[in-house]
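So the chains spell out like this:
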Amino acid sequence: DAGVTQSPTHLIKTRGQQVTLRCSPKSGHDTVSWYQQALGQGPQFIFQYYEEEERQRGNFPDRFSGHQFPNYSSELNVNALLLGDSALYLCASSFDRGRVFYAGELFFGEGSRLTVL
Amino acid sequence: AQSVTQLDSHVSVSEGTPVLLRCNYSSSYSPSLFWYVQHPNKGLQLLLKYTSAATLVKGINGFEAEFKKSETSFHLTKPSAHMSDAAEYFCVVSRNSGGGADGLTFGKGTHLIIQP
Numbered sequence: 152d153a154g155v156t157q158s159p160t161h162l163i164k165t166r167g168q169q170v171t172l173r174c175s176p177k178s179g180h181d182t183v184s185w186y187q188q189a190l191g192q193g194p195q196f197i198f199q200y201y202e203e204e205e206r207q208r209g210n211f212p213d214r215f216s217g218h219q220f221p222n223y224s225s226e227l228n229v230n231a232l233l234l235g236d237s238a239l240y241l242c243a244s245s246f247d248r249g250r251v252f253y254a255g256e257l258f259f260g261e262g263s264r265l266t267v268l
Numbered sequence: 008a009q010s011v012t013q014l015d016s017h018v019s020v021s022e023g024t025p026v027l028l029r030c031n032y033s034s035s036y037s038p039s040l041f042w043y044v045q046h047p048n049k050g051l052q053l054l055l056k057y058t059s060a061a062t063l064v065k066g067i068n069g070f071e072a073e074f075k076k077s078e079t080s081f082h083l084t085k086p087s088a089h090m091s092d093a094a095e096y097f098c099v100v101s102r103n104s105g106g107g108a109d110g111l112t113f114g115k116g117t118h119l120i121i122q123p
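Top to bottom, those sequences are chains A and B. So for the first sequence, the numbering used here puts the first residue at 152; every next one is plus one. So for the second sequence, the numbering used here puts the first residue at 8; every next one is plus one.
Watch out, some of these pointers could steer you wrong.
Within a straight-line C-alpha distance of at most 30 Å, the following computed BS3-like cross-link-like pairs (lysine-lysine) qualify [as the list claims (entries may be wrong)]:
#, chain 1, residue 1, chain 2, residue 2
1, B, 56, B, 76
2, B, 65, A, 177
3, B, 65, A, 164
4, B, 65, B, 76
5, B, 75, B, 56
6, A, 177, B, 115
7, A, 164, B, 49
8, A, 177, A, 164
9, B, 76, B, 115
10, B, 115, B, 49
11, B, 75, B, 65
12, B, 115, B, 56
13, A, 177, B, 56
14, A, 177, B, 49
Keep in mind the hints are simulated off the structure, nothing from the lab.
In isolation and in its complexed conformation, chain B is listed as follows (with noise of 0.2 Å):
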């Protein structure tokens, strides 16, 4: 079994300052983990993922995770927070390998609100 823990479920910030996202997962196999990010009324757009390659992962609009397994967390930052950033965001980890039908499990999100 599988599941993701979002530590906070709302993260304030100024716009300008360091943000940080926090995630823990508990994996029976080496997982494949994520960051979704939702906007209101929008569907899900992937941020980055993290599939046994490089432990530190880059993705879009200047966010990145790192991937560390002794602590089993992949915490979201970015170094400096935009107000477009405000928006829902998602851990997520899915099964890397074998059979199952366990899908990707999301955790219950993390608001981000960004403070002008």
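Bound conformation, chain A alone (with noise of 0.2 Å):
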């Protein structure tokens, strides 16, 4: 049974571009959540996608936006890119059943590595 995947594992770019990052969840998860890293710090929350609708979001700019497809797989798109933008972009995947809010596990990718030059 694959766990989650992420696509691509690093990736650089350079300021003022565009990236799409890819994730396809755990056999049986409906719900994908985005997170972001930066050096030395705890993961952040994006946003989290359920039935190919954004649920909840957290403190981020409108620059950050994503995609749910009806095979669960999501996408976390990125414009305009910032030297603040560079981190790593995990995706977990849950079970939810439809509930608001999360209490159950997460399982989570490897991350894509993103360096904005």
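Two chains, two frames, a set of hints: combine them into the complex.
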């Protein structure tokens, strides 16, 4: 059983560019959350997708957007990249049965490391 | 609002000695609390979780944590450290009920070093 898979694993962009990161959830999971982990910090919640809609959002600007597809996979898009967007982006999946609030176990992927020059 | 404070950024212990990683939380609601571990270049793995059942929670790899509401603490312990325990550990809080947009709130992490 494959766990959460993310692509690409590493990428380098320049300021002002746009990036798309991809995530396939663990088999049987219906909810995908995205987190940003800056170097030496804990992950910060970006947003969560359920039934192809953004259900919750953290304190991130509109430059950060996402999408969930009918097969539950998800994309994270970041526009107008800034140097401060350099981080490890983690995708996590769970089976939430439609609950508004998460209280179960998240399964994390290994992340996509974005470097903005 | 909710927050988590991990009291030590680094903890160093000798192999075979006890481990204590400290975590205090703040939450407006009755919280769910978790400990996650992150090995180098790996994703986060759940060690254990508290969701308002037993206050002493047992997790994987011999770790356990005790929820103390009066002290707003959720410290992680292990009786005997192993070299493979060297990693980054995150204390995490989640709202247990209600509505909002907070997701999970992570602490800044404690780097556990195991001395041979």
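Here is how each hint holds up against the structure:
1. Proximity of residue 56 (chain B) to residue 76 (chain B) is assessed by CA-CA distance (about 15 Å); at most 30 Å being required, the pair is judged to hold.
2. A C-alpha spacing of about 24 Å is found between residue 65 (chain B) and residue 177 (chain A), which places the hinted pair at or below 30 Å, so the restraint holds.
3. Proposed proximity of residue 65 (chain B) and residue 164 (chain A) is contradicted: the alpha carbons are some 43 Å apart, above 30 Å.
4. For the suggested pair residue 65 (chain B) and residue 76 (chain B), the alpha carbons sit about 17 Å apart, so the restraint of at most 30 Å is met.
5. In summary, the hint linking residue 75 (chain B) to residue 56 (chain B) is supported, as the alpha carbons are separated by about 14 Å, within the 30 Å threshold.
6. A C-alpha spacing of about 26 Å is found between residue 177 (chain A) and residue 115 (chain B), which places the hinted pair at or below 30 Å, so the restraint holds.
7. With a C-alpha separation of about 22 Å, the suggested pair residue 164 (chain A) and residue 49 (chain B) falls inside the 30 Å cut-off, and the hint holds.
8. Taken as a hint, the residue 177 (chain A) and residue 164 (chain A) pair is honoured in the structure, with Cα atoms around 28 Å apart against an allowance of 30 Å.
9. Distance check on the hinted pair: residue 76 (chain B) and residue 115 (chain B) sit about 21 Å apart at the alpha-carbon level, within 30 Å; holds.
10. Between residue 115 (chain B) and residue 49 (chain B), the direct Cα distance comes to roughly 17 Å. Compliance with the 30 Å bound is thereby established for this hinted pair.
11. Under the criterion of a C-alpha separation no larger than 30 Å, the hint pairing residue 75 (chain B) with residue 65 (chain B) is consistent with the structure, at around 15 Å.
12. A distance of roughly 18 Å separates the Cα atoms of residue 115 (chain B) and residue 56 (chain B); the hinted pair therefore holds under the 30 Å criterion.
13. In summary, the hint linking residue 177 (chain A) to residue 56 (chain B) is supported, as the alpha carbons are separated by about 20 Å, within the 30 Å threshold.
14. A C-alpha spacing of about 16 Å is found between residue 177 (chain A) and residue 49 (chain B), which places the hinted pair at or below 30 Å, so the restraint holds.
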